[in-house]
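Protein chains: 2
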Amino acid sequence: MSGGLDPSDWAAFRALAHRALDETLDAVDGIRERPPWRAIPDEVRAAIGADPLPRAPSDLAAVYAAFATQVAPFAVDNRHPRFFGWVHGAGTPVGILAEMLAAGMNANVGGRDHAAVEIERRVIRWWCEVFGLPPTAGGILTSGTSMANLIGVLVARRAAGGAEVRTAGVPAALGLTGYASTEAHGSVARAFDVAGLGSAALRAVPVDAKLRLDVRALHARIAADRDAGKRPFVIVGTAGSASSGAVDDLVALADCARDRGLWFHVDGAFGALAQLAPELRGLVAGIERADSIAFDLHKWLHVPYGAGAVLVRDGALHASAFADHAPYLARAQRGTAAGDPWFTDFGPELSRGFRALSVWFTMKTYGLDRFGELIAQQCAMARALGERIVATPPLALLAPVTLNVVCFRYAAPLDDAECDALNARIVVELQERGIAVPSTTRIGGKLAIRLNVMNHRTTQADLDATLDAVPAIARELLE
Amino acid sequence: MSGGLDPSDWAAFRALAHRALDETLDAVDGIRERPPWRAIPDEVRAAIGADPLPRAPSDLAAVYAAFATQVAPFAVDNRHPRFFGWVHGAGTPVGILAEMLAAGMNANVGGRDHAAVEIERRVIRWWCEVFGLPPTAGGILTSGTSMANLIGVLVARRAAGGAEVRTAGVPAALGLTGYASTEAHGSVARAFDVAGLGSAALRAVPVDAKLRLDVRALHARIAADRDAGKRPFVIVGTAGSASSGAVDDLVALADCARDRGLWFHVDGAFGALAQLAPELRGLVAGIERADSIAFDLHKWLHVPYGAGAVLVRDGALHASAFADHAPYLARAQRGTAAGDPWFTDFGPELSRGFRALSVWFTMKTYGLDRFGELIAQQCAMARALGERIVATPPLALLAPVTLNVVCFRYAAPLDDAECDALNARIVVELQERGIAVPSTTRIGGKLAIRLNVMNHRTTQADLDATLDAVPAIARELLE
Chain Y
575 MSGGLDPSDW
585 AAFRALAHRA
595 LDETLDAVDG
605 IRERPPWRAI
615 PDEVRAAIGA
625 DPLPRAPSDL
635 AAVYAAFATQ
645 VAPFAVDNRH
655 PRFFGWVHGA
665 GTPVGILAEM
675 LAAGMNANVG
685 GRDHAAVEIE
695 RRVIRWWCEV
705 FGLPPTAGGI
715 LTSGTSMANL
725 IGVLVARRAA
735 GGAEVRTAGV
745 PAALGLTGYA
755 STEAHGSVAR
765 AFDVAGLGSA
775 ALRAVPVDAK
785 LRLDVRALHA
795 RIAADRDAGK
805 RPFVIVGTAG
815 SASSGAVDDL
825 VALADCARDR
835 GLWFHVDGAF
845 GALAQLAPEL
855 RGLVAGIERA
865 DSIAFDLHKW
875 LHVPYGAGAV
885 LVRDGALHAS
895 AFADHAPYLA
905 RAQRGTAAGD
915 PWFTDFGPEL
925 SRGFRALSVW
935 FTMKTYGLDR
945 FGELIAQQCA
955 MARALGERIV
965 ATPPLALLAP
975 VTLNVVCFRY
985 AAPLDDAECD
995 ALNARIVVEL
1005 QERGIAVPST
1015 TRIGGKLAIR
1025 LNVMNHRTTQ
1035 ADLDATLDAV
1045 PAIARELLE
Chain P
575 MSGGLDPSDW
585 AAFRALAHRA
595 LDETLDAVDG
605 IRERPPWRAI
615 PDEVRAAIGA
625 DPLPRAPSDL
635 AAVYAAFATQ
645 VAPFAVDNRH
655 PRFFGWVHGA
665 GTPVGILAEM
675 LAAGMNANVG
685 GRDHAAVEIE
695 RRVIRWWCEV
705 FGLPPTAGGI
715 LTSGTSMANL
725 IGVLVARRAA
735 GGAEVRTAGV
745 PAALGLTGYA
755 STEAHGSVAR
765 AFDVAGLGSA
775 ALRAVPVDAK
785 LRLDVRALHA
795 RIAADRDAGK
805 RPFVIVGTAG
815 SASSGAVDDL
825 VALADCARDR
835 GLWFHVDGAF
845 GALAQLAPEL
855 RGLVAGIERA
865 DSIAFDLHKW
875 LHVPYGAGAV
885 LVRDGALHAS
895 AFADHAPYLA
905 RAQRGTAAGD
915 PWFTDFGPEL
925 SRGFRALSVW
935 FTMKTYGLDR
945 FGELIAQQCA
955 MARALGERIV
965 ATPPLALLAP
975 VTLNVVCFRY
985 AAPLDDAECD
995 ALNARIVVEL
1005 QERGIAVPST
1015 TRIGGKLAIR
1025 LNVMNHRTTQ
1035 ADLDATLDAV
1045 PAIARELLE
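These protein sequence lines are chains Y and P, in that order. For the first sequence, position 173 matches number 747 in our numbering, and the numbering has no gaps at all. For the second sequence, position 351 matches number 925 in our numbering, and the numbering has no gaps at all.
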């Protein structure tokens, strides 16, 4: 082969790569010098959009320059200490290092016998230990909790429907129904949709005043479905709802699932990691009784996007929901094709990147106790913020602060729609002025300003500055 | 917050990161000095497996040292010029650089208004142009073709079943059936399984002598299913089968789909990229008529794992198969939450990493013409290898060389099972001796030694050395 894709001038490549590494770390180290978000200028958006299909090569330095001027400055900067939107992890320098190493190895962790597979196995085992699952449990890393919830639902579907559900499909006559609260994440209903059960087969159970699944309503709904000839098969508990951080009573849900012979899946996208903090662990008590647990590593573990995991108590059942040995993926006793079972046996992906390396580096370097401390501190800051909001009318707290999410609004003497619009506008102003990035949600129909206190760089001063800006902007907008 | 997760000593962190970068590039630059695979020593496997749950922190340098001694040396080294197993891309230094930059930004490309989203949009548009899809087409990057095939099947399911299929599930009465060849990749049947249609609803249509879907058999099977009250809804064409690189007659499949009102999906995991080589483009003619196309970017584009894509001719229909607006993901006209539609509207993932950056860097730096040249050269080398095998009995070519995959075996005068075992053992010896890494498959029931000629570092000498070793090892084993 006359010249592959390696550089003809390695020295020049290395020089550029080292410069890019320095500038990458500069951006993290100097994060406070920039706003947490800024709009893409029209000319930049147009330049990206007008860039023609690259048939011919370009100088790498020119491509890097385009990245540095058109891409890097216009981030949704979840690295920033005043980024409070949605549920975004902040990343760490250790994660950057690990991703660079993973890209260097370029391992396909779908299977075969190599160290990357062993690292993912180790990481999965560690998390099984964190959540108190038995040695027969297993799991797999995913791109995030959406895929992890899908895998959980598919294993539960396999448990309820038997092996033939994989070949013959989901018989409507089976009438499989599942249960989650009205506050459950949309990815759970989407998993029902994808899995051919239909999102309506996931019953949306009402919540109590703390926005937790109402267990009495759950019992009633399961009984009603059984009376109607349906076959309830899974209860999905939420540990940390996306809107407000609410945590269902997982012990009650585990009891209900046990008594009725249902699968118990926990969507713990971020809340599951409360398990790492001794002062918060009680909130997620019962998670150790789950049949499957889905959670993210790019949120409260701050691993780079996208990394999540699903753990399944019965590892053999997990494999029975996915394993499928094509002749070109035959396993061997020796050589490169050894290492059975392969990770392709535990999820829908056949080629898979080395997501485990950044998880392994992060867990080992910082230690899980450190994450427990940070999570506890962030939840304490969120509770204090909630108390300050309660004490500062017309600010109004819209949901109890269970974990790290604070939902509130400026309760101006306006009608509901006007007040919603005012608060949506406050959020836009906070973002556009570069003060902070909250997101919005709706609590009891009301639009809420939503702060997710998760970033390890966030200080009390960052929260104070953000909250101080709200009444000031509100008064300005009302004038 | 008293101390987040940023280094207390940035200078020390930077020094380590620069050293790690150099060693990462050294490993690529010196790839020929190592074997393409070596078994993990028992003591290393035991050390990884005995590593206790890390509660306390560790020095980053110690973690890096563990990586450098326990992980990096024991790769399935698809970077290596004599790695011919499965269908693995080789990676590039440009990809390593881009992944480092992406990890630095730590963007969540699920949605919102930021440059990473614009880059993914651009990349998708470029690929639509490559395949001749109209401006109304769209798509999304995935972790690979398995997920891309799943998305294709879900959009086809939505097209056939209407909006209610998402909420009410897949009615068995609808009798949806799909069609792919017996050589189609297992991820297509798995997509049917996951989607609740059941893998048996994907009819395995026989192949012709070139291992291409037999179009007459397809017509007959569709007619038989219609007569039996089924509802045929999708034809899946294979552009580059995993076993032998066979390419279906996509024009005939497009005609069949058009005439019968079926969705036409192309699984082009690696073969779709033949489109980039003028001398090979005719092989995939008809791909421009597909309703959806799934392909990998970590294979013949050598982007780091895992990156693939799915393109859908009808972008609006694509969104209708996934879009679902939860209150905590509300779109705004201004600010950070602008940018509708979001990529969460086009697939099952809600959090998504910045896979697009390495694709963008790779396409721009090398230019697509360069990939076309490499692909054409590799296919020419594979054809020449096939000719050499035919001319060198008892080596026997087991499948026509359509693209870059060569399936052959040492046809010793043994019974079938013994000959299978001999060839499986030859593959293990090639791997364990560090000569080369082929994989195996079965062609017409016979175990084949399978070489995938895809690595941009592979030379004719690498192929010659590999092929020369086969009779030598065979004779040694037969003695």
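Misleading hints may appear alongside valid ones.
Unchecked claim - Think about it this way: if two alpha-carbon atoms lie no more than 25 Å apart in a straight line, the pair counts; the simulated DMTMM-like pairs of lysine to aspartate or glutamate are:
1) Y:LYS1020 <-> P:GLU738
2) Y:LYS804 <-> P:GLU738
3) Y:LYS784 <-> Y:ASP994
4) P:LYS1020 <-> P:ASP1042
5) P:LYS784 <-> P:GLU738
6) P:LYS1020 <-> Y:GLU1006
7) Y:LYS1020 <-> P:ASP914
8) Y:LYS1020 <-> Y:ASP989
9) P:LYS804 <-> Y:ASP989
10) P:LYS1020 <-> Y:ASP914
11) P:LYS804 <-> P:GLU738
12) Y:LYS1020 <-> Y:GLU738
Said to hold, decoys possible - Reference listing, derived: stretches of chain Y covered by chain P, where coverage requires no fewer than 3 residues with Cβ under 8 Å from a Cβ of chain P:
13) 588-600
14) 744-751
15) 979-992
In short, the hints are calculated from the structure, not lab data. Even for Gly, the Cβ is constructed at its ideal location relative to N, Cα and C.
*State the violated hints by number, sorted upward, taking the hints as numbered earlier in the document.*
Checked against the structure, the hints that fail are numbers 1, 5, 6, 9, 12 and 15, while the rest are satisfied.
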